[in-house]
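Student: Now for the letters of each chain:
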Amino acid sequence: MANFLVGHFFYWFVFLLMAIGLFGIVLKRNLIKKAIGMSIFQVAIILFFVASGSKWGGTVPVLDPRLGISDTARYINPLPHCLMLTAIVVGVATSGVAFALIISIWRRYQTLDEPELLAKMKNDPD
Amino acid sequence: MKVSSYLLLALFCGLLIYAATGFPNRGDAQAVFNRPTSPAGTPNAPTRYILKSKEEMNTDNMVTTILADYRGYDTLGEETVILTAGLICFLLLRKERKRHDQE
Amino acid sequence: MIPTNAPALTPLLFLFTGLLIPLAALKLKKLAYWLALAATALASAAALSNIFRVLDGRAIHYHFGGWPPPIGIEYVLDPLSAFVTSVINVIALIVLIHARRTVEADLPEGKRVPYYALVMLMMSGFNGIVMTGDFFNLYVFLEICSLALYGLVAVGDRKSPVAAFRYLVLGMIGGCFYLLGVGFMYMNSGSLNMADLKAILAVLGPRPGIIVALAFMLLGFGIKMALFPLHGWLPDAYTYAPTATSALMAPIGTKIGAYGLIRVLFFVFVLQFITQTVPVATVIAWLSAAAILYGSIQAMAQDELKRMLAFSSIAQVGYIGLGIGLANPWGLVGAVLHILNHGLMKACLFLVAGNFRMKLGHSRISRLDQEARRKMPWTTAAFTLAALSMIGLPPTVGFFSKWYLAWGAVRNKGWVFLAIILLSSLLNAVYFFRVVERFYLRPKQKGEEAGRTAAATSGRSEVTVSMLAPTLILAASLLVVGLLNAVLVQGILLKFLPPGLAALKP
Amino acid sequence: MTRNEDNPIITLVSSIVAPFIMLFGLYVIFHGHYSPGGGFQGGTVLAAGIILLRLALGSELGQKQFPSRLGTPLGSLGVLIYYGTGLAALLLGGTFLNYAFIPFSSQASHNRFWGILSIEFGVGLAVMAVLVAIYDDLLEGEPHG
Numbered sequence: 001m002a003n004f005l006v007g008h009f010f011y012w013f014v015f016l017l018m019a020i021g022l023f024g025i026v027l028k029r030n031l032i033k034k035a036i037g038m039s040i041f042q043v044a045i046i047l048f049f050v051a052s053g054s055k056w057g058g059t060v061p062v063l064d065p066r067l068g069i070s071d072t073a074r075y076i077n078p079l080p081h082c083l084m085l086t087a088i089v090v091g092v093a094t095s096g097v098a099f100a101l102i103i104s105i106w107r108r109y110q111t112l113d114e115p116e117l118l119a120k121m122k123n124d125p126d
Numbered sequence: 001m002k003v004s005s006y007l008l009l010a011l012f013c014g015l016l017i018y019a020a021t022g023f024p025n026r027g028d029a030q031a032v033f034n035r036p037t038s039p040a041g042t043p044n045a046p047t048r049y050i051l052k053s054k055e056e057m058n059t060d061n062m063v064t065t066i067l068a069d070y071r072g073y074d075t076l077g078e079e080t081v082i083l084t085a086g087l088i089c090f091l092l093l094r095k096e097r098k099r100h101d102q103e
Numbered sequence: 001m002i003p004t005n006a007p008a009l010t011p012l013l014f015l016f017t018g019l020l021i022p023l024a025a026l027k028l029k030k031l032a033y034w035l036a037l038a039a040t041a042l043a044s045a046a047a048l049s050n051i052f053r054v055l056d057g058r059a060i061h062y063h064f065g066g067w068p069p070p071i072g073i074e075y076v077l078d079p080l081s082a083f084v085t086s087v088i089n090v091i092a093l094i095v096l097i098h099a100r101r102t103v104e105a106d107l108p109e110g111k112r113v114p115y116y117a118l119v120m121l122m123m124s125g126f127n128g129i130v131m132t133g134d135f136f137n138l139y140v141f142l143e144i145c146s147l148a149l150y151g152l153v154a155v156g157d158r159k160s161p162v163a164a165f166r167y168l169v170l171g172m173i174g175g176c177f178y179l180l181g182v183g184f185m186y187m188n189s190g191s192l193n194m195a196d197l198k199a200i201l202a203v204l205g206p207r208p209g210i211i212v213a214l215a216f217m218l219l220g221f222g223i224k225m226a227l228f229p230l231h232g233w234l235p236d237a238y239t240y241a242p243t244a245t246s247a248l249m250a251p252i253g254t255k256i257g258a259y260g261l262i263r264v265l266f267f268v269f270v271l272q273f274i275t276q277t278v279p280v281a282t283v284i285a286w287l288s289a290a291a292i293l294y295g296s297i298q299a300m301a302q303d304e305l306k307r308m309l310a311f312s313s314i315a316q317v318g319y320i321g322l323g324i325g326l327a328n329p330w331g332l333v334g335a336v337l338h339i340l341n342h343g344l345m346k347a348c349l350f351l352v353a354g355n356f357r358m359k360l361g362h363s364r365i366s367r368l369d370q371e372a373r374r375k376m377p378w379t380t381a382a383f384t385l386a387a388l389s390m391i392g393l394p395p396t397v398g399f400f401s402k403w404y405l406a407w408g409a410v411r412n413k414g415w416v417f418l419a420i421i422l423l424s425s426l427l428n429a430v431y432f433f434r435v436v437e438r439f440y441l442r443p444k445q446k447g448e449e450a451g452r453t454a455a456a457t458s459g460r461s462e463v464t465v466s467m468l469a470p471t472l473i474l475a476a477s478l479l480v481v482g483l484l485n486a487v488l489v490q491g492i493l494l495k496f497l498p499p500g501l502a503a504l505k506p
Numbered sequence: 001m002t003r004n005e006d007n008p009i010i011t012l013v014s015s016i017v018a019p020f021i022m023l024f025g026l027y028v029i030f031h032g033h034y035s036p037g038g039g040f041q042g043g044t045v046l047a048a049g050i051i052l053l054r055l056a057l058g059s060e061l062g063q064k065q066f067p068s069r070l071g072t073p074l075g076s077l078g079v080l081i082y083y084g085t086g087l088a089a090l091l092l093g094g095t096f097l098n099y100a101f102i103p104f105s106s107q108a109s110h111n112r113f114w115g116i117l118s119i120e121f122g123v124g125l126a127v128m129a130v131l132v133a134i135y136d137d138l139l140e141g142e143p144h145g
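Chains as they are written, first to last, in the working numbering: chain V, 1 to 126; chain W, 1 to 103; chain F, 1 to 506; chain H, 1 to 145.
Hints are computed from structural coordinates only; laboratory data are not their basis. Hints should not be assumed to be uniformly reliable.
[Unchecked claim] Covered, in the sense of this in silico footprint (three residues per stretch, anywhere, with C-beta under 8 angstroms from a C-beta of chain W), are these stretches of chain F: (1) 67-76; (2) 114-121; (3) 189-203; (4) 322-335; (5) 394-403.
[To be verified] From chain W, some residues computed to sit far from chain F (all C-beta separations above 10 angstroms): (6) LYS2; (7) VAL3; (8) SER5; (9) TYR6; (10) LEU7; (11) LEU9; (12) GLY27; (13) ALA29; (14) PRO46; (15) LYS54; (16) ASP69; (17) ASP74; (18) THR84.
Think of the CB as a built atom: it goes at the ideal place given N, C-alpha and C, for glycine as much as any other residue.
Given these sequences and hints, build the entire structure.
Tutor: Here it is as structure tokens:
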């Protein structure tokens, strides 16, 4: 049990971050805070992948002539790093689009508070 | 509404912890995704990347070789994603500035 | 060269056009539309010819960068993906012919260039999702088409950015859950390739991580396909989007999620896993049944035509989900046939709504009357035919997919599902006849009495040919595909059944 | 946004630092084969340099250095360089993105090396152009004055 708790320590941290991100998305009323929650959720997933690639005693996946390539345990797993570079870009793109949408919402309704926004939309004729 | 949201969050955390019971410890070099072959006997990709990237691409940085060659198509998709974001920002926001200038 | 590159052809073609349009538009802005149209036409031709390449039932594998599957990314062209790409590309072609006028009406000239570029990138995302044999690659392309869709929705009328933001929040949660599912899958098996994973999962058996990964992936796809409790983004997005966008995303967008669901459930996991070890198929079937009832009942209460169609889409996605959840050959054939049928029907109906908006200036049901029919006889005829098909009257396509679904329900002894399929046809009849009745029986409303003489002298004012022809082609195809459905099912659909299901067939 | 255009410290420091930031960005792009780095990271650093100049010198001078109307076309061009490298491989007989078929040199591994370099360049260009374009577009929302 102790081994389970300690061995997965980093995952508990990541899961907590995910829960915080989801909490922000679901329960916050301000659109910017929702966007921040989205970012936290995404970052938590990125941390999760990167953590899964680590090896105790391993170094960065750049070939070191002193280490050679005979022992794969010397280098941490490069695949999650590569995947997460892609996921980071996707996250950046999603945040950019989210902020663009928030700006155009602000221009039309002058509010970012969700209940207020919905009330204003209801009064809108079309 | 609020209570159900908290319940869903708790369910989500429960699922995560349940899933974590099957995970190898962090940093375990013998974990299933670090072995030379997968349980079904097919080659394991990361091992191959570490062993062969110098030989096949003359490149030291394994992340670069995966990003640009072994899984290069993902990166093309990634560039497309960011271009899409640029186009959307253009579509949503750019035109209104011209109107602003005319005023 | 084309035969060896067949699987990669359509996504790469769309991608190339999407990249070319912003550059070409520096010289000539009008070029954007014609480039988009030409690319879609080429891609449709390529996709249709791909069907004939795989008719013998063997899949064509395409390795990007020359790396075999567990190392690199592969595209797989099998009968299912060939069929689905043909459906989405042909429907997109027809809708794009129609889109020219509506986009001109909805958007200023400077914005049309990025609009068409985004349409192309979205199509490349759709085609990529259908073709790919790699889970992470699927995520990347899922994000391309989702992002493009958020942008395409947000340029509609005044409320559209709010709808797009809600879509973005939910779509992003869906994407993240899918990615998390992929991560859990990777943690437990060490592979991202679908075929490789199938072999590994057969060895590993059920594990906590794999079960949760499956749940998260299904959640992700469920949000993208708007399956019942996860449908929150759909009605607003469809209603406030520009005509061209809603006509593109309604027939195609949600189907991609359904396709992903089929891929994961039947081509990665074994049948026993999803029906007995972890009965997700049953859960999907019940959720879909709820979706059918909820969508149909909500649709009855709507006044805006596009909103009614949006809720009807939720119900129709329910049919597809039901076919998947039944997890038997008839249900799956019904589900995939319904991907085609619902694509054709919804595209036709949304084009009709676009025609109304173009000529009448609105698409509110309470303001439609005989005048609409007098002005636009062809458009209303197309609507009526599509409505009959939605209800599921025999010679039209709608009947046949429901027939397969009903047969699948009977085989599973799912009498509740059978009852829901029958009941929903009745509900469909109620909410579609509510509109059709106005065209043919409702006399002109009082407020417009003064305009009667003027309208009578001007007579018809049907939309232009470039808008009318696609509507009529889609309406006609409802009959043609309906009559040819036996050929379709025997020739193509039965070929793609995954091994576990094909064995069930007597 | 309020900005003191005459603040000499900010103007001077950022105009001295920005070229080095951009140079470092180019280093990160082109040294990605041997050290952590690559197209995306380098492109981001380049974009940071350009955005720093925009923040410090005002958008008028910044526009002269990198006009925002170039953003989307340059981004497309960057991705097109990537796509073109892949397409060249396809046309020369390999599958898409199989750089070994592009005859940069006699050895397959060297071909792949140069292929990676050319796509990293495309990625860097695209990321830089698009990030600056997104920044510009988001700034349009700012009510001026």
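Student: Three residues or more, CB to CB closer than 8 angstroms: is that satisfied between the region 394-403 of chain F and chain W?
Tutor: This one is violated; 0 residues, fewer than the three required, reach chain W with a Cβ under 8 angstroms.
Student: Is the Cβ of LYS54 (chain W) more than 10 angstroms away from each Cβ in chain F?
Tutor: holds (15 angstroms)
Student: At 10 angstroms, judged by beta carbons, does LEU9 (chain W) keep clear of chain F as stated?
Tutor: Since the minimum Cβ distance to chain F is about 12 angstroms, LEU9 (chain W) lies beyond 10 angstroms and the statement holds.
Student: Can we trust that SER5 (chain W) is non-interface, i.e. its beta-carbon lies farther than 10 angstroms from all of chain F?
Tutor: holds (13 angstroms)
Student: Measuring Cβ to Cβ, find out whether VAL3 (chain W) lies farther than 10 angstroms from everything in chain F.
Tutor: At about 17 angstroms from chain F, VAL3 (chain W) clears the 10 angstroms cut-off, so the statement holds.
Student: With a C-beta cutoff of 8 angstroms, work out whether three or more residues of the region 189-203 of chain F approach chain W closely enough for the coverage to hold.
Tutor: Contact hint for the region 189-203 of chain F vs chain W: holds, 9 residues under 8 angstroms.
Student: At a Cβ distance under 8 angstroms, does chain W reach at least three residues of the region 67-76 of chain F?
Tutor: holds (count 5)
Student: Closer than 8 angstroms Cβ to Cβ for three or more residues is the test here. Does the region 114-121 of chain F pass it with chain W?
Tutor: holds (count 5)
Student: At 10 angstroms, judged by beta carbons, does TYR6 (chain W) keep clear of chain F as stated?
Tutor: holds (17 angstroms)
Student: When you look at the beta carbon of ALA29 (chain W), is every beta carbon of chain F farther off than 10 angstroms?
Tutor: Given that every Cβ of chain F is farther than 10 angstroms from that of ALA29 (chain W), nearest at about 13 angstroms, it holds.
Student: Would you check chain W against the region 322-335 of chain F, counting CB to CB pairs closer than 8 angstroms, and say if three or more residues qualify?
Tutor: Violated - the region 322-335 of chain F has 0 residues with a Cβ nearer than 8 angstroms to chain W, which falls short of three.
Student: Test the statement that GLY27 (chain W) is away from the interface with chain F: the closest C-beta pair must be farther apart than 10 angstroms.
Tutor: holds (13 angstroms)
Checked against the numbered hints given earlier, the structure breaks hints 4, 5, 14, 16, 17, 18 and satisfies all the rest.
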